[in-house]
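Chemist: Chain by chain, the residues run as shown.
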Amino acid sequence: MGFSPSREWREIAARYRLEASRCESCGRVYYPPRGLCSVCRRKSIGAMKTVNLPRRGKIVTYSVIHTAPLKAFEGRTPYVVAIVDLGGVKIQTLLTDCEPEDIKIGDEVEAVFRRIKEDGERGVIHYGTSFRPVRKVET
Amino acid sequence: MRKVAIIGIGMTKFGELWDKSLRELLVESGLEALEDASEKRTLRGKDIQAAYLGNMSAGLFNEQEHLAAMLADYTGMTEGNRPATKVEAACASGGVALHNAYLAVASGRYDLVAVCGLEKMTDLLASSVTDALASAADREYEAFYGATFPSLYAMMARKHMHDYGTTLEQLALVAVKNHRNGYYNPKAQFRRLITVEDVYKSPIIADPLRLLHCSPVSDGAATVILADAETAKKYTDRPVYILACAQGSDTIGLYNRRDITTMESVVSASKVAYDASGLKPSDIDFVEAHDCFTIAEIMAYEDLGFCEKGEGGKMIEARLTEIDGEIPFNPSGGLKAKGHPVGATGVAQAVEVVLQLRDEAEQRQVKGAKIGLSHNVGGTGSTAVITIYGREI
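Protein sequences, first through last, are from chains W and A.
Residue numbering for the first sequence follows my numbering, beginning at 1 and increasing consecutively.
Residue numbering for the second sequence follows my numbering, beginning at 1 and increasing consecutively.
Hints were generated in silico from the structure; no laboratory data involved.
Every residue, glycine too, gets a C-beta built ideally from N, C-alpha and C.
Take these hints with a grain of salt, some might be off.
Unchecked claim - To be clear about the criterion: a stretch of chain W counts as covered by chain A if any three or more of its residues have a C-beta under 8 Å from a C-beta of chain A, and this derived list gives those stretches:
(1) 40-46
(2) 81-91
Said to hold, decoys possible - Computed footprint of chain A on chain W; a stretch qualifies when at least three of its residues, placed anywhere within it, have a C-beta under 8 Å from a C-beta of chain A:
(3) 70-77
(4) 112-126
Turn these sequences into a full structure, and let the hints steer you where they fit.
Modeler: Below, the structure is given as structure tokens:
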């Protein structure tokens, strides 16, 4: 499908740099960032501050996708999707640089900048943040 | 608010219906519902004062929007330029249409309303269907990263297994049970028995979920006719009453939930429905649940209050939800075996509940069923509609 590049461009800060927004009224952090806190509502207007999520976190849950992928992911199977917890904020992401059988819930992961997918041969190439296991250093 | 009854039901066979178009499915189920409602006097299309249509994505599946106008035009219901309205809430579209129609009759605005649910999914190739269904999740922050619907439910399943010790066998038993029930449903997409071994051997889709954990891609339509209790008596001696109908919402993204394995939309809507009807889980005789994936039925046991959180796996293992069990779930075969034309599902659940409460479900009849509940979920639980039905007001 041909989409305007602006659709990609709008999301760059959140996808590349994990920018989120914190409501200065109640302290809640939203990812992707929101212009309005859905709990404080009017009180949050003008009080949503841009913050960056931590780039390390833990796997909450994951799945290894083997078949019936989305068009842009055809030929990529198996690939691993996961929800990771970054300091209390959960996000949906892809796991990379790992073997599916080595992954466990609770494992520590770190953010890496990655090519995510492309819109066909002539469309936009989408980049974003994937996560990889934090290598344990033997001491 | 007035009491509302279902006076007529209609449903096409569910399945890969290559020879039937979107509009033909709609007309077939609509006509059957009008005929069914004409027990004591003929219910004509022009008697219907308003129609609601649940459809998730004819725009993506069939490149056709504005389906409510097509309904009004082709079915002849709402003759006289009366209102027809399409509502969308992903796989809960049918349930939300039912909820809106229920409110329209209960409020006194209309006496006779049609509720249709419709989806024709097999006109697209499989990968395009997966892509279209992913629009029920957060497109920019879930589907963007390659998350498919099976994988979102697989993540719930893995978390449930991790937190509560739910097993792959317990998940498989849900599919085995629903196929056993669907075997006796002449309108079901799959009428064949499967074993736990078959589930284990089926192709892996999104680990830990395999093909036989997933509901199929289906075509189909269902229609129910609602009337206020007074009008209902003019048409039928076997009305089924809607004792409560409630809708709940939750975050669009699964990742944003407080608890990945609890659908708060279901917890909240079921509480409203129980309170409104004065009933509790132990008063319910059977449930038509939204088992889009096997884990979804196990979570439904918990979120609807039939057991504590985390105990769902044990319910299926103890055979409590079998058709002759303490609380039968999905006597129709559920989405798993009956089929899941997404927008039609919420209305098809109402059709099954009515058949059961009329004692017309033949070989899959739940003995002595007097009160039924339907549980219709959109997306990963972002929308839920819970409806409680009874033979008596």
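Chemist: Decide, hint by hint, whether the structure agrees.
Modeler: Now the hints, each set against the structure:
1. 40-46: Since 0 is below three, the answer is violated.
2. 81-91: Check passed, 5 qualifying residues.
3. 70-77: As far as the region 70-77 of chain W goes, the hint holds, because 6 residues have Cβ atoms under 8 Å from chain A.
4. 112-126: As far as the region 112-126 of chain W goes, the hint holds, because 3 residues have Cβ atoms under 8 Å from chain A.
Hint compliance for this structure: hint 1 alone is broken.
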